Amino acid sequence: MQVERYDVIVIGAGPAGCAASKILSENGARVLLIDKFGYDKDKGCGGGLTPKALRLLKKIFPRTRVEANPVRKLAVNYGKNGQTKKVCSLLFKNPIFYITTRSILDGELLKAAIESGLEFKKERAIAVEKSSEFFKVKTDNTEFHADYVLIAAGVFGLSLLTDKFHQKYSSIVHFKAKKLSNAASLTFFENGYVWYFPGVEKASIGSGVYSEGKQSFYKSMDNLKSTRYEIPENIDYRVTPIPDFSLDFIYKANELMDGCLLIGDSAGLVDSWTGEGISYALYSGMVAAKSIIKYRNSGLNKKYLRELQPILENLVMAVGLRNSFLRNFPEKVQLIKDKKFARLLFSYVSIFSKSIFGLGLKSYFIPGAKVRIESFKNEDGWS
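Numbering (the UniProt record's numbering), first residue to last: 1 to 383.
These aren't lab readings, by the way, just hints derived from the structure by calculation. Hints may contain errors.
[To be verified] Here are the simulated EDC-like cross-link-like pairs (lysine to aspartate or glutamate), alpha carbons at most 20 Å apart as the crow flies: (1) K136 <-> E115; (2) K290 <-> E307; (3) K36 <-> E108; (4) K290 <-> E123.
Being a predicted model, the structure only gives us computed values, none of them experimental.
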């Protein structure tokens, strides 16, 4: 039996996989994109698109229309000892993020990727092996060969390569609900956060914690139940694994096989403080594709990691911010009432920066970062 051979096989048709495969296809590569769900994917996600994610979407998918609800108002609360208290509301001049339906977004990105000329197959990859001449990607039904492989298969993507080590992760719990307000809400806890994100038609309500393993599910549920949101009986909860960012993991996983790169959640590229991953998925997919086009067999893996440095430094900073934010909690939450901090927050979700100083400086030059603070004792004006 003759086995189909490609220049690149991309495993996983989320934002990272679609971005990478589209760019490669547009640059003349013969690309196979495989995904076990295809258009039937129902990815568990809050649906938040930060300004930096939206900017990357427009760059990589310029003809794709993203249906999303712009959010300019963000209510901030904190929770402790089973109770939640209001802190303030932030009213931004421009949207601080946009809420979309992840399944619809992924479907539109897959459509755009296929239209670029690549080949798509609805298959479940079960293993990636390397011979002296090419990669073998084995699925439930068949086998494909390629010169390069990109793994964009979510948190457990590394299992396609090895079982000798794995990625640490936590679990977020979330569900769809009626829209209560057009303002988004974040409730911070010592061990995590609860969100309310108003989408185009429905809202996403969910919870995540800063701890790994099975216990993260129960801690997320406890935080969710302590908020003011009414949780209907027999609600259809979604439980989604979220990778815990680790610089050591990213380097170790991407040095396993020359010519095989991990991107998006498979590489652990998720903000440890906010849980946002779409912008990092798009960025890593773009960088992986450009690295294959530019470097090929000339130290590809190391050069891919080098090209990732801007977001790796940003994610290292995110870990530091999270740890700093959690010290002296809930006093640190009160900092959000300060306009400088609020502008810093807008800058944080708008650009990839490697330092607080850089964020603070750029917050004065980013369009739309002006904010009004609504505390519960007084109101302030635009700064």
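**Study point:** Hint check, failures only
**Key:** 1, 4
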